[in-house]
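*Asks:* Spelled out, the chains give:
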Amino acid sequence: MIITFSILSAIAVISALLAVRLRNLVHATLTLMAFFVALAGLFILLMAEFLAAVQILVYVGAVGILILFAIMLTQQVTGNVKEHIEAHGALWGLAGATAVLLTLLLPAILKTALPLQPVVETIDPSVRALGLNLMAPYTIALQVIALLLTAALLGAVVIAISPEKSEEEKKS
Amino acid sequence: MSTETIAPREYQIYSGDDLRTNVLEISMGPQHPSTHGVFRMDVSLDGETVVKLKPVFGYLHRNHEKIAETTSYLGSMPYTDRLDYFCSMTNNWAYALAVEKMAGLAVPERAEYIRVIMAELTRLQNHASLVGFLTNDLGASGTPLLYAIREREHILDLFEWASGARMMCNYMRFGGVRNDLPSGWLAQCKKVVDDFPAFMDEFETLLTGNEIILSRCQNVGVLPRDLAINASITGPCLRASGVDYDLRKVDKYGIYDRFDFKVPLGSVGDCYDRFMIRLLEMRESVKILKQALATIPEGPVNDSKARNFRPKPAEAYGRIEGPKGELGFYLVSDGTPKPHRYHVRPPSFINLTVLEDMCLGQKIADAVIVLGSIDIVLGEVDR
Amino acid sequence: MIDLAPILAKFPPVKHDAAANALIVPQALALEVAKWLRDDPAYRMDYASNVAGVDTLPVEKKTKVKQPDGTDKEIVTKKPGSMEVVYHLYSMALKHGPITIKQVTTRENPVVTSLTPIYRGAEFQEREAFDLYGIQFEGHPDLRRILMWDEFKDFPMRKDYVEPDDYEYEPTPHDAVLAKAKAHYPKASTSTEAAS
Amino acid sequence: MTPINPDQLIVQLTQWALSFLDSYPLVAVLVAILLSTVPLIAVFPGCFAITTWLERKGLARIQNRIGPNRTGPLGILQPAADGIKMLLKEDIVPKTSDRLAHFLAPVVLMVPAFTILSVLPFNRNMIPAAVDTGVILFFALGSVSTLAVFMAGWSSRNKYSLLGGMRAIAQMVSYELPLVLSGVTVIMMTGSLDTTKIVAQQQLSEWIQSSNAGLQCLGQIIGWNVFTPWGFAGFLIFFVASLAEINRCPFDLPEADSEIVAGHLTEYSGFKYALFFMSEYVSAFAINGLSTTLFLGGWSGPNIRPPWSDDPNALLIPGFVWFFAKMFALMLVMIWIRGTLPRLRVDHLMGFAWKFLLPLAIMNIFVGGFYYYAPRWHGIPVVGWPIGFLVMYLSYECIGRLNRGPKTAQRVYHYAS
Chain A
1 MIITFSILSA
11 IAVISALLAV
21 RLRNLVHATL
31 TLMAFFVALA
41 GLFILLMAEF
51 LAAVQILVYV
61 GAVGILILFA
71 IMLTQQVTGN
81 VKEHIEAHGA
91 LWGLAGATAV
101 LLTLLLPAIL
111 KTALPLQPVV
121 ETIDPSVRAL
131 GLNLMAPYTI
141 ALQVIALLLT
151 AALLGAVVIA
161 ISPEKSEEEK
171 KS
Chain B
1 MSTETIAPRE
11 YQIYSGDDLR
21 TNVLEISMGP
31 QHPSTHGVFR
41 MDVSLDGETV
51 VKLKPVFGYL
61 HRNHEKIAET
71 TSYLGSMPYT
81 DRLDYFCSMT
91 NNWAYALAVE
101 KMAGLAVPER
111 AEYIRVIMAE
121 LTRLQNHASL
131 VGFLTNDLGA
141 SGTPLLYAIR
151 EREHILDLFE
161 WASGARMMCN
171 YMRFGGVRND
181 LPSGWLAQCK
191 KVVDDFPAFM
201 DEFETLLTGN
211 EIILSRCQNV
221 GVLPRDLAIN
231 ASITGPCLRA
241 SGVDYDLRKV
251 DKYGIYDRFD
261 FKVPLGSVGD
271 CYDRFMIRLL
281 EMRESVKILK
291 QALATIPEGP
301 VNDSKARNFR
311 PKPAEAYGRI
321 EGPKGELGFY
331 LVSDGTPKPH
341 RYHVRPPSFI
351 NLTVLEDMCL
361 GQKIADAVIV
371 LGSIDIVLGE
381 VDR
Chain C
1 MIDLAPILAK
11 FPPVKHDAAA
21 NALIVPQALA
31 LEVAKWLRDD
41 PAYRMDYASN
51 VAGVDTLPVE
61 KKTKVKQPDG
71 TDKEIVTKKP
81 GSMEVVYHLY
91 SMALKHGPIT
101 IKQVTTRENP
111 VVTSLTPIYR
121 GAEFQEREAF
131 DLYGIQFEGH
141 PDLRRILMWD
151 EFKDFPMRKD
161 YVEPDDYEYE
171 PTPHDAVLAK
181 AKAHYPKAST
191 STEAAS
Chain D
1 MTPINPDQLI
11 VQLTQWALSF
21 LDSYPLVAVL
31 VAILLSTVPL
41 IAVFPGCFAI
51 TTWLERKGLA
61 RIQNRIGPNR
71 TGPLGILQPA
81 ADGIKMLLKE
91 DIVPKTSDRL
101 AHFLAPVVLM
111 VPAFTILSVL
121 PFNRNMIPAA
131 VDTGVILFFA
141 LGSVSTLAVF
151 MAGWSSRNKY
161 SLLGGMRAIA
171 QMVSYELPLV
181 LSGVTVIMMT
191 GSLDTTKIVA
201 QQQLSEWIQS
211 SNAGLQCLGQ
221 IIGWNVFTPW
231 GFAGFLIFFV
241 ASLAEINRCP
251 FDLPEADSEI
261 VAGHLTEYSG
271 FKYALFFMSE
281 YVSAFAINGL
291 STTLFLGGWS
301 GPNIRPPWSD
311 DPNALLIPGF
321 VWFFAKMFAL
331 MLVMIWIRGT
341 LPRLRVDHLM
351 GFAWKFLLPL
361 AIMNIFVGGF
371 YYYAPRWHGI
381 PVVGWPIGFL
391 VMYLSYECIG
401 RLNRGPKTAQ
411 RVYHYAS
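Going down the list, the sequences are from chains A, B, C and D. Residue 155 in our numbering sits at position 155 of the first sequence, with consecutive numbering throughout. Residue 316 in our numbering sits at position 316 of the second sequence, with consecutive numbering throughout. Residue 132 in our numbering sits at position 132 of the third sequence, with consecutive numbering throughout. Residue 63 in our numbering sits at position 63 of the fourth sequence, with consecutive numbering throughout.
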């Protein structure tokens, strides 16, 4: 368990770093997807298969592909090599970021009693429970999100209809 | 009809206020699975839509005309086989016709009949395989093509029997044909012709009603009537645009005035019309063949005097209705055994003039079938 | 046979070549004549079937003529060379034809008027005549080489065209080609001989 | 010792083998993993070889040809010859290509193709990975193949490949919707994402348990989802969408040879090409396996009991025989379609997915819901069946008519006088 966890988190961290650092946009996206897959692996480790499946379906299958599609439409896939962002005081920034992160995490770290109790046995992440939760306490939120997404979809359709065609229709 | 020439259309790339797309330029050919030989199209694509298309050819150019001007008149006959290598019989006939017109040679009755039979058989096999290739361009993994090839084999067997060669027949001569038909040939030919409508029925039931073929061919690559005339389009492509112009009816060359056949005409001028006109023309060809086979007389088949002759200074333009369109030969003689000028008017070459007009604004997949429906053979385009 | 008299009457500079039954049209009038032929209701020559360039070398003919005094006298008849473009026009509307139009120009500076603005079908054929004969078509929208490659310099269909003998490499040159190859690639040809 | 049950023979053998390792739990887990994965990796490439032969022979018969006939009797060794040829071919990578992505693409396609096989129940108690969320895991991992095709198309630095990649993304993303939505109906009716439960739901247990041999036999057939109106429509939608999802004819636009050479495969050669080829077939098996599971009763077939056994669950013909029979039957239909139909055009393809399959699949969900709650007479859906069927048929007709423009029609041709 620990070994798998270490490997997956290493992959996740490295690919996330690469996604930020790589200058080639497509490579960056591909590493981002590797990160998503590693995250899905972590979900499986937590016995949350459904969440893992959704993670891959939504982030790798849809969001990542969408990003790639958007990149395909841009002119330059590879960043300009000559143009480097000059970083001054990178170490200071790193230290600051670490400090902020630690401050945020400190209460959680302090409160946790070590060694950790195994989480797996206490929760039952079945799809049925998830569905019931969505349907009972969170119905309104779900409906609102659904409405919002439908509106977005309709908006996309409206934008996608090219004005060229409508002119032709007017003529005929 | 007092318009000036119909200029090539320009396709306007849609560019909204901030939505700019790049044009993708691809070079389709000369090695591409769908270009029917070493043909190249320089295509610019806006997404999948064709915004510019320039045909490029010459990869098979061997200066056929120059070769012909350095050999005797008869010496060019085998070279004409290599023009449109699908239809060597009609190529032979067109050349023989031009020379006969220039030198004033007469053709014996039986030879005229044999020429008609050979030309119509050529038309059958050319149209059948063209429709097959067209469906292949549509992505039908070769099934209709192989059915067509099966029928073509029967006809090529007949050619081989009569002339000794399946494709490069070199069969026609000035003032007739090279040799008489072997015994039994006519009976076999009758059998092939009688069997052909069954194949046609099968072919038509399988293809003409197919929803995918309908939706992909109809209203794709429309060639307007005026443009077709102005751009000198000939053959099935012209008739698909609704112009009644068949040289077999107009010039009545050979003995075509003796046969009863009709000229099918399209109305829209799209790929589907070009496809259907070919199917209908095959039916008419079968009609002509049946009449010719029933009435072919006995007699000599060639004029032995017209071998290596030296025509008087003259010029002539002879043309026939080849399967792909008007195939013409323009000959100028200066009194020597070699032609002073020998020019081929290749139908495939000129029919390509309107390729860009038909493809603009269509999808890249349509460009492929538009090219397929024009029916080109690169041996003839490049010469 | 189509009656050509009305054309000759309307356009006096147009000559009739009786041997070929063709109209010889001066370049300045070519577009006008073609347009008139296309649109005139009696002709309706809407279809340009064939366009061909024709190259004729200058001929020097020496004939010996016996003079009355018994001596031979050489008479040199010079026929100048010419470059022609021949158009065969037909009518799809009235189904008659052909009318042959010729534009004659010099071999040294072959320039004719393009009929592509009237007949779109002449586009590729005029390009071909340009490519193979070097005839300049004035008013052609897209006069480029069509069959030869763009870098090609010469005009191969001209009667005085000499094939450059280093033009094509043959893996095993023989006969005349071998002789040519020797001149160009002395080492290469000997090595292939040694190899064979 | 329990009497031998042909159906469960393999399962029993596995358990027997594992029973020796009871004292070494870690080894037992490893062996169990191997026992469930190695057969997948061994069997499906074998199926792939058989299918390539079947496809070549079948296409040849459709096209009046003989097909492979030089390698072994009936050309049966042709797949081996092809494989050897592929392995020995030079692996050419274009100079300007993105080498890493070019190399990874076949791998990225291959891994999910094999992984999704593990959620398919091949027989009772014979499922490599019995997960609670089998169906959604299948769709999730299946969507990764889009990424692989994109990687192949983009990394080749070839415009045809790029076009193929673009087409593949657009097509696979679009067809995923009707595919998943037609599957959703089944999930809704079963109330579970678990593939084993979906198969079990399609068996009429009271019939199987009865003493009548005929009823027992039918008990594993009559309950298949395909025999319900929503199941029938769903099966057809699923099958058509799966054709597009695995780039089979007539939706093989990403590798349309007459237009864009071979699409994303243009710059692949040698073993990488073979991997692509195999992954596509394995994906085809997987998706056919899923449609078998969802609509055709999975491994259930005529319930014939072995004469020596009284166990109502014992079967003379093992379930995986039926499973593979159904899967291959669907494969054959795909081959048949490939030999018959021309290819669609890009806009037609998209229109077909969004304007026809998607509304039909959504309609199907409603019909499924209606069928579920419609009153029954002795458990027989006397109301749900006819009305559901009628509604599905009407919506098929309506959506079809709405989509069919007035443009395509048979034409009448005239002759010149």
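Simulated from the structure, these hints should not be mistaken for laboratory data. Watch out, some of these pointers could steer you wrong.
Said to hold, decoys possible - Which residues of chain B face chain C? A partial, calculated answer using Cβ under 10 Å: (1) F57; (2) D260; (3) Y330.
Said to hold, decoys possible - Simulated pairs of lysine-lysine, DSBU-like, Cα-Cα distance not exceeding 30 Å: (4) K287/B - K182/C; (5) K95/C - K262/B; (6) K252/B - K287/B.
Cβ atoms here follow ideal geometry from the backbone N, Cα and C, with glycine treated the same way.
*Asks:* Against this structure, judge whether each hint is valid.
*Replies:* To see whether the hints hold, each was checked on the structure:
1. F57: holds, 7 Å
2. D260: D260/B check fails; min Cβ-Cβ to chain C is 19 Å, beyond 10 Å.
3. Y330: With Cβ-Cβ at 5 Å, under 10 Å, it holds.
4. K287/B - K182/C: violated, 61 Å
5. K95/C - K262/B: Satisfied, since the Cα-Cα distance of roughly 16 Å is no more than 30 Å.
6. K252/B - K287/B: holds, 17 Å
Of the hints listed earlier, those the structure fails to meet are numbers 2 and 4, in rising order.
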